[in-house]
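Just so you know, the protein sequences line up as chains A and B, in that order. Just so we're aligned, residue 5 is where the first sequence starts under my numbering, counting upward by one. Just so we're aligned, residue 7 is where the second sequence starts under my numbering, counting upward by one.
Heads up, some of the hints might be wrong.
To be verified - Cβ-to-Cβ under 7 Å is the rule here; a few derived chain A residues that face chain B: (1) Pro-14; (2) Cys-25; (3) Leu-30; (4) Gly-31; (5) Lys-33; (6) Arg-87; (7) His-88; (8) Pro-197; (9) Leu-201; (10) Gly-203; (11) Ile-204; (12) Leu-205; (13) Ala-206; (14) Ser-221; (15) Arg-223.
Unchecked claim - So these bits of chain A aren't anywhere near chain B, every CB distance computed over 12 Å: (16) Ile-6; (17) Ala-19; (18) Thr-45; (19) Gln-66; (20) Gly-69; (21) Glu-90; (22) Leu-112; (23) Ser-132; (24) Ser-176.
Derived by calculation from the structure, the hints in this document are not laboratory data. Positions of the beta carbon are idealized from the N, C-alpha and C atoms, including for glycine.
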Amino acid sequence: MIVLLCLESPSPSPASRAALCLASTLGDKAEVVVLSAGGATGSASFELARQSAAVRRIVHLQDTGLREPDFFTLGMVLAEAARHLEARVVVAGQHTDIEGQGLVPAALAHHLRAPLFARVQSATLPPSGQGVLKITVRAGGKLCTVASPLPVVLSTSEGELGSMPPREAGQSAPTVETLSLAQLGMAASLLVPRPGLLGILAPAQGHGIESKSFDESARILLRGR
Amino acid sequence: MASIVAYIELREGAITRPSRFVVAEARRIADAAGATVFALLTVGPLAQVEMDKLASEISAAGADRILCSSADTLDGPALDVTHGALLAQVADHLRPLLFLFPAGGSGAQLGPPLAVRMGAAYMSNASMDVYAEDRTPEPASQRVILSRWRAARDGRRKIDVGDLERPVVASLLSGCFPPPAGDPYAEVEMVPCPDTKYPDARVIGSEVDNAAGLELCQSMILSGRSSVAASDAFQAGLPDGVCLATADEADLQAIQGSAPHNVFVLPSAQSKLDAGRPWFVPGTAILRVEGVAGSEDADADLAEFTAALGRARSQGDAS
């Protein structure tokens, strides 16, 4: 079963590292394919993917139209790539600035017409490769086990998952395959950036840390300031 | 008139504190900028008397109108597969300027897919401010600004709702809310729940999430690792909405996902506090509690804070 891991380039966010860890826990039935879009192929993201024992293929979507896509467009392109690669499970990080805090996985799920689950803690593939995926998600104050039909999109947050099994010595790392928009049947003219949805950037000023005594702190706490 | 939708999250059948805060924030923005506050309540099958009780609380928190949807599929946790179609239907009907989620995780599950369906911007763990823009001789214009930390915490992202020309979906921090001030008898409109697109996706089990309280807390006390006895004794004396968190890796994810209004960092946790890296939400006040520098005795910290709370309570009673 193809498990597609979306990894941003040039460097992976902590949430994407968590996504890679999740994909790495899915066992031998999972053929983990790393997918990135835009940027160069020699980046830290590809190096991380090469280090993981679970990763079988690395695919890079390369097209001039992917230089600065907005979240919605990127989600659409990744969904087409997921179809092209016949992915049944798609995993992506949720909380980096580049991803718009979960908009890319959401747009991907929307275009793939697949259910989306955020804050995923673990996942278990169906034994036969068909049927439902069992997922544990953090929702409603509980750790919920959910059965979902395939294909499905899962997103992870920073620091949610464990370590990634490294590639053993002598185990060859996959080379990077490239894929173009034309191969996906998409025209670059479709990729119209929508700037402004992230908001404007402002300095981080004004986040001072005040010092207080125990008694002052207790009074503030009880006042509910 | 523009509308603001405030999503109400229930836990164990009760409205969460962050949900009351979201309604109060929506009210504050609506009063300043001129808008109608809709509260959206999603519940499983519920007796009318229970629904009326919830509606009365939401109304008193500041909602003008309450939209309530009741269905078997809405009985579980808020997930896009169960709740998404309903939220999209409400957004399509009202075309709100702002769609707000409370702290607690419902925003992370429901916010991004809703924003995609609405073509909206999305901000998680955001703060909201209103300021008057001088347009003399015209009357001042009220600007609504949402801000959040960048993922790298090296700056803020800000959205001026009036300038964006698109709606904004946002989840807010868990802040203080004023005493009930609204009309406790706001109009309640029942909304049919549309069929889910994914009927085969279902919750098949759940277990307690030990970090669930951190998601909702209004004030967080951050300490080093303490003994279980000291931790239990300390937490037993804390007011509602206040939680104790341990600044170690076990709680890291829950701490990062929380959005408290203020955080008290005890001496035993201060080595973990990176002063150069903003935490939480732009509106969060971080207070470093002064004590013995370099102390790692978390039990002593908790005992000292318990004593200080006792003194503060007795002073409050005396005054």
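With chain B as the partner, please determine if A/Ala-206 meets the hint condition of a C-beta pair closer than 7 Å.
holds, 5 Å
Consistency of the no-contact label for A/Gly-69, given chain B and a CB cut of 12 Å
A/Gly-69 is indeed farther than 12 Å from all Cβ atoms of chain B, at 20 Å.
Does A/Cys-25 pass the interface check with chain B, least Cβ-Cβ distance below 7 Å?
With Cβ-Cβ at 13 Å, over 7 Å, it is violated.
Answer holds if the nearest beta-carbon of chain B is closer than 7 Å to that of A/Ser-221; otherwise answer violated.
Interface hint status for A/Ser-221: holds (5 Å vs cutoff 7 Å).
Using Cβ atoms and 12 Å as the threshold, tell me whether A/Ser-176 really stays out of contact range of chain B.
holds, 33 Å
Holds or violated: is there a CB of chain B closer than 7 Å to the CB of A/Pro-14?
violated, 14 Å
Let's test the interface hint: is any C-beta of chain B closer than 7 Å to that of A/Leu-201?
holds, 4 Å
Holds or violated: is the Cβ of A/Leu-205 closer than 7 Å to a Cβ in chain B?
holds, 5 Å
Does A/His-88 pass the interface hint, meaning its C-beta sits closer than 7 Å to a C-beta of chain B?
violated, 21 Å
Holds or violated: the hint that A/Gly-31 contacts chain B, with Cβ atoms closer than 7 Å.
Since chain B brings no Cβ nearer than about 20 Å to A/Gly-31, farther than 7 Å, the hint is violated.
Minimum beta-carbon distance criterion (7 Å), A/Lys-33 to chain B
Violated, because the Cβ-Cβ distance from A/Lys-33 to chain B comes to roughly 20 Å (cut-off 7 Å).
Separation of A/Leu-112 from chain B, once the least beta-carbon distance is taken, above 12 Å:
With a cut-off of 12 Å, A/Leu-112 comes too close to chain B, as the shortest Cβ separation is near 9 Å.
Going through the hint list in order, the structure does not satisfy hints 1, 2, 3, 4, 5, 6, 7, 8, 17, 22.
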